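K.L.:
Quick note, the sequences are listed as chains A and B, same order.
At position 172 of the first sequence the residue is numbered 171 (numbering that gives the first Met the number 0), and the sequence of numbers has no breaks.
At position 179 of the second sequence the residue is numbered 178 (numbering that gives the first Met the number 0), and the sequence of numbers has no breaks.
Take these hints with a grain of salt, some might be off.
[Claimed, not checked] Coverage of chain B stretches by chain A, computed from C-beta distances (three or more under 8 Å per stretch; other residues unrestricted):
| hint | region |
| --- | --- |
| 1 | 146-159 |
| 2 | 229-236 |
| 3 | 256-269 |
| 4 | 274-282 |
Just so you know, the hints here were simulated from the structure itself, not pulled from any lab data.
Note that the structure is predicted; figures quoted are calculated from it, not measured.
C-beta: ideal position from N, C-alpha, C; glycine also.
Number of protein chains: 2
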Amino acid sequence: MTTPSPFYLDCDTGIDDALALAYLLASPLACVKGIGTVSGNVSAAAGARNTLDLLQLAGHAHIPVALGAHDPLAGSFGGGAPWVHGENGIGGVSLTTAAVSLVGESAAEMLVRLARTYPGTLRVLAIGPLTNIAEALRLEPSLPSLVESVTVMGGAALAPGNITPVAEANIFNDPEAAALVLAADWDVTLVPLDVTMTSVLEERHRQQLLVSSSPVPRALGEMLGYYFRFYEGIFGRPCSAMHDPLAAALAVGGVKASVAPVVRAAVDTSDGPGRGQTICDMRGSYMGYPPVKGARCRVVLSLEQDFAPHLVETLLGFPEGATAGVQQVPAVA
Amino acid sequence: MTTPSPFYLDCDTGIDDALALAYLLASPLACVKGIGTVSGNVSAAAGARNTLDLLQLAGHAHIPVALGAHDPLAGSFGGGAPWVHGENGIGGVSLTTAAVSLVGESAAEMLVRLARTYPGTLRVLAIGPLTNIAEALRLEPSLPSLVESVTVMGGAALAPGNITPVAEANIFNDPEAAALVLAADWDVTLVPLDVTMTSVLEERHRQQLLVSSSPVPRALGEMLGYYFRFYEGIFGRPCSAMHDPLAAALAVGGVKASVAPVVRAAVDTSDGPGRGQTICDMRGSYMGYPPVKGARCRVVLSLEQDFAPHLVETLLGFPEGATAGVQQVPAVA
C-alpha cells in the first residue's frame, strides 16, 4: 500500500483550481495538509471562500485554509478573470457556504509550518500566482531544503502565452514573485501551457462528470460549462485546457511526463512587452535536450498518457457519502 | 517566359548570406539591382568586401554594392559572430579581391533609389539586422507604397532563439530598427528560426556543391565546412540551418510556405531578458490561425517542399563560364 504524500496547495480558486483540488482529494497518492489562497483568477478572499465551500462539499472541511496575498509583490491585484471563471470564480455555481472558516495564519506562514512539520516529504503545488511561495521563501530561507518537491502550473516555453502573446497568466500576475521562486535553491517542475493546452477535456468528459452520483463531480461538471464557453473562443469547440488539474496529477505522480527537459528558466520582470514571460532556454531542443549545468527547471512538454480519461476516472472516484448533509448543487441557468 | 523580379538585397555577408546571394544570382526569377551591407555576422565593411568578391567570382561584378550602417540605431556594433562564420565571415575561404569597389551612396539611399526606379515591383530581401531598412524608411516615408514586398530573415515565433533563449540574432542586433520595420505601413514576410532551423543542409548536400565544375558552388561548399562545424554543436552532426537562403527562396517564389499565418508582431526593445525578441502573437494557433484585424506580419512556419534539394539544384545551376578569369578557390586547411 502506498503512503500518500503530504501536500501544501497554493491556489486562486478558479474553475480549474477546483478540479485540481478535487483531484488531490480523490487521489490515493495525496494527503492535503493545508491550502493557501492568492489573488489570481479571483481575489485571495474569493478563492478562499470557494476553497472552503468545495472542501465542505467534498467532506474534507477539516483541511485548514489560509488566506494569502491579495496583491502581487509589485503593484496591485488586477481584478481576476471573470470572463474565464465567472464572477464568483466557479462559473456561477452556488455552493453551500461552509460552516468552518479560515485559519489565523497566512498562506506563507502555513507553508513554512507544514514544511517544518513534514521535512523532506512535503510537496508544494502552486497553481496560482507565486506571491505566497515567494513570501514563504522570505520567511524561511531554508524552505528549499525542507520540501520534497515544488510543482508550478505556469509559463509557456515554446507555446504561445495566454494573457499576452508570450506570458501565461499565473506568472504574468506576479512576475517578481515567480522570478524569486525560479531563482531559489530548489528544483522546480514547471507545467506550462505547452502541455496544459494539449491536455483537453471534451464535452463527453464533462457529461461523465454531470451524471455522477456524487455532488463533487456534478458541481465540477457544472462549472466546466462556463469554462468551456470561454475556451470555445480559443479551440473552436466546447472543451477546455486542463491547466491546474494536470499540474496536480504530475505533482502527485498520477500521470508521468514523457518529454520534460531540465533547463535554465527566468522570468521577464521588465516593463517591456515581454513582461511576465517565463523565459525557458529551450535551445537544446535540436539535440534532445542534453544536460545543462546549473539548470533546475523541469519543463513538462508532453505526457506518457492521455490526461482527460485519468482525470475523469479519478474525479468519479468521489464517494456518494462524501457529501452527506450538504445540499444538492443547483444547476446554473 | 517569366520576367525576373528586381531585388534589393540587404545583407551582412556571412556564410548563409553568401548562399542567399548565390541563390538570387542563380535564380531565373530574380534580378538583383543592388546590394547594401550592414553590420551583423561581420562588420558592414567586411560584409561589403565579401559581397564584392563573391559577385566577381560569380561573374556579376556589375551589380552595385553600397556600404550600410556600421552601428545599430542604439548602441554600437558588437563584433559579429566569428565562431559561426569565421574571422573573415566566409569560413576562412579566400576569394580573389574584386576589381570593382563600393558605390558612393549608402545602402539606405540605394534602397530608396531602387524603390523609386522600380515602383511597385522592387522586392526587398533583408537577411541581416534591419538598420538600413529602418534608415530608408526615415529617408523616404512612402517607401512602403513603393516596394512590391519585404521579406526578412529574422525572429523566432514559437521556436527557441539563437542568440538568447528567445531572440534571433538579426533582430537582436538591432531591435530598435526591427521594431520600426515591423511597425511600418507594409506587409512583412518574416522567415524565422521556426522554419530555418528545420530546413537543414546535410553533408551529402555540401559534397554535391564541392564537386561542382563551377567555382561558386565549390566556394560555398568550402564555406559550409566551417558553418557545419558550428552547427554540429547544435544538431549533433555536421549540417547547418539554412536561414538566409530560405528567405531568398521564399522572396523569389522558388519555394512556397505551407503554414504562414499573418499575425501581429512587435519587437522587445526593453533592456530586460527579452530584449531583441520578435514577439509574434501566435495565440490563434489552436484554431488554425483565423484572420486577425490589423495583422501585417506573415510568419512562415513550414514549407510545401523540402528546401535543401531545391537550394542545391539552384546553386549547381551556375555556369562554369561565370568565373572566367577568376583564380580558383583554394581549399581551406
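K.L.:
Quick one: which hint numbers does this structure break? Sort them smallest to largest.
P.N.:
none
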